[in-house]
Each structure stands twice: as structure tokens, then as C-alpha cells.
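Protein chains: 2
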Amino acid sequence: MPQKPPRSRVVQAMTDVFQRHGYEGASLSAIGAASGLSKAGLYHHFPAGKSDMAAQVLAQSGQRFTQLILAPLRSSDPAAQRFATMLDGLTTYYRDGSINCLMNTLSLGDGLDLFGPQIRSAIEAWVKLLAPTLEELGVDAPEPAARRLIAQIHGILIQTRLFEDPDLFHQLIETLRRRYR
Amino acid sequence: MPQKPPRSRVVQAMTDVFQRHGYEGASLSAIGAASGLSKAGLYHHFPAGKSDMAAQVLAQSGQRFTQLILAPLRSSDPAAQRFATMLDGLTTYYRDGSINCLMNTLSLGDGLDLFGPQIRSAIEAWVKLLAPTLEELGVDAPEPAARRLIAQIHGILIQTRLFEDPDLFHQLIETLRRRYR
DNA sequence: GTCTATATAGGGATAGAC
DNA sequence: GTCTATCCCTATATAGAC
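Protein chains in written order, with this note's numbering: chain Z, 1 to 181; chain G, 1 to 181.
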């Protein structure tokens, strides 16, 4: 075990702030308050400053994304099973719809130039892995269908935060679960 | 004609900035540069400051939204025609997918408290008008289906800005057009 | 109505004590 | 490694000339 159990918790606290405010809207005061570090403390751990913090947030989130959403799609299970496990992963990844998607909030304003490439490659990987699964499930034009499905997830998260109603997220997940069972 | 042709153009220029950066990320310098007004000039037209500017942006956008998207759904045309006209309205409203959705960008951070109620009521109106049209077109559980369709639109706009590829938006619109023709 | 100039607060980022 | 204190810049907002 390495020497830094706190590190992951600090990044998690910062994740909250970037999810809620986006890159430009996340102030170092808010990040410091959420993570329990002073501004100087933040710069001790993230010498390159705010962009460094967001990059680490994105990296940790990307790991969770890979494990929870991409890995199920790569498994050797039958397609219906892969799809169902991905839906479980989505529910965990998005914490039952209670949080915003970093792919959305970090791609506004300056964030688009800073993190666009990483976020694009995450979505591309998702599309490329989801499409064959959908194809096995009998879906025509599976790649555009995969993009539409991903869009539905991202869009429902907007509604979920607006109405503060995670049921909207759950209802979509269950609808998708039934559709490809 | 009244004495204020500029007003609408000023608001339009401000809209660009809020769409790109969100509420917190939109600085008065950027708003001033885009609209061609000095900071003092901005406060002449919007005495209550930045929140006033965003509110007027949202109001003008809401008018466009009502005319281009809600009005077609309220018409006495057959359902398939109402739906197709709404898709045309969406393409105009979102400028062929080249811009972000204010309902997304203005609902991050502080914007959620400031503009959440207005944005929620816009989405609710959309759902309530779209659902009966979908029902006439043979869709089961039309209200959840309307929410999912709206989510698809909002989600594809995120992908469109990430990949800077308006084709993603057009492909979704055409898919929807074919589905309910 | 539009500007220059300025006030005040908060932003990101560092220095240096401990 | 964590803090207090501080630097410099930008942010929002206002005053007052024209």
C-alpha cells in the first residue's frame, strides 16, 4: 500500500465541486473548503494549480468509468448480460443520478480546450464498445444508436439535477433494462 | 419601430457567452467584448448586474423556445405534422446543433438557484405538450417517453460541442423524423 | 447613453514560518 | 506537509465626466 490514503478522498471532494460548478465556476476557496485543505495545501498536492486538480479529478473519474461501464462491455458474457451490468455500473458511477456528469461540466468554457480530448476519447471508447453489444441485441445502425443512448443518459442527468429528482434517472435505467432484456 | 434595435442584438451577443461558459464562467469582460458595450454600459442597460443579464438572456431564449418548439405542438395539425414542425423548430432553436443549451449551462452552480425555476417550467411545458403528440403517434407511457426524447436532445448537444460535429445533432433529428413519420 | 476611472471583493498562486 | 500571510490580477459594481 502506498502512503496516501487521503489523496483519493481529497480528489473525491474536489470532484463534487467540479461536478456542481464546472471548471471555471469551481473556485479554489470552494475546492479547499470541500477538501479540507488550505489554498497553500492544495498547491502542495497539485503544483500546477487548478488545471492540475481538474485533471486528477478527471483521471480518477476515468478509472471509475472504465471499471464500472467499459469493463462490463468488454466481458465475455452474453450481450444481454453485458448490457445489464453496464446499467448497474452507470447507476453506481452516477450515484443514482444524484450528481452531474463531469463530461458535461468540465467541457464548458476553458474546460473544452483543456479536457476535451480526454473526454472525447472516453465517449468514443464507450460508443465503440456499446455498439457491438447493441448489434448483438438486434439493433440496426448500432453505432448511432449507441450515441443516442449515451445522449439519453447525459440528458436525463440534466433533468435530474434540475428537478432534484433521481427517479428520473432510475426510470430511464429501468426502461433501458426492460428494452434489451 | 421603437428606438432600440440594438437591445435584441446585445442580448443575443450575451447569449453566446452564457451558452459557452455557463453563468459563473461568463465574465463581464467577455460579455462586454461580445456585446460591444463597456462595463459601465452593461450596467446602464442591466442595472441589477450579471444576474439581470442572464435573466434577460433566458427570457429572450424562452420566447424563441415557445415560438419554435412549443407553438408547433399546440397547433391543430395532425400529430405527425406537429412533431415534424417541432423538429424543424429544434433545428432552428439550436442553430443546427452548433450551440449549447442554456437549460444546461445556466443550471450549473449558482445558476441552479437563480434560474432553476424558470428552466424547470420550460421543460415541464415541453413534456406536457409533447406527451399527447407522442400518444397520438402510438407511443406507450408518453410522458416518460417525452422526457427521454428531450434528454436525447440535450445529451446530443453535449456530444456535438465535444466533437464540434453538428452532424451528430442532425442525425438524431433525422432519426426522430423517420421514426414518427 | 456612452465613456474613463475607480472602489471593493475575490480570484489564482507563492513565500516562508512551523 | 500544513498553516498564515501576502502578491498580483481579475471580478463585479459604481461614480461621474461628457
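Calculated from the structure, these hints are not laboratory results.
Do not take every clue at face value.
Note that identical chains are pooled: a pair holds if it fits in a single copy or bridges any two copies.
Claimed, not checked - DMTMM-like cross-link-like pairs, simulated, lysine to aspartate or glutamate; straight-line CA separation at most 20 Å: (1) 50 to 140; (2) 50 to 16; (3) 128 to 164; (4) 50 to 124; (5) 50 to 143; (6) 128 to 167; (7) 128 to 140; (8) 50 to 24; (9) 128 to 165; (10) 39 to 135; (11) 128 to 52; (12) 39 to 16.
Cross-check of the supplied hints:
1. 50 to 140: Cα proximity of residue 50 and residue 140: none, with 43 Å in one copy and 47 Å across.
2. 50 to 16: within (14 Å within a copy, 25 Å between copies)
3. 128 to 164: Answer is between: at 19 Å across copies they meet the 20 Å cutoff, but 31 Å inside does not.
4. 50 to 124: neither (26 Å within a copy, 37 Å between copies)
5. 50 to 143: neither (35 Å within a copy, 42 Å between copies)
6. 128 to 167: Between copies only: 18 Å across, 28 Å inside.
7. 128 to 140: within (15 Å within a copy, 30 Å between copies)
8. 50 to 24: both (10 Å within a copy, 16 Å between copies)
9. 128 to 165: between (31 Å within a copy, 17 Å between copies)
10. 39 to 135: neither (50 Å within a copy, 55 Å between copies)
11. 128 to 52: Close neither inside one copy (29 Å) nor across copies (44 Å); limit 20 Å.
12. 39 to 16: Intra 17 Å, inter 33 Å, cutoff 20 Å: intra-copy only.
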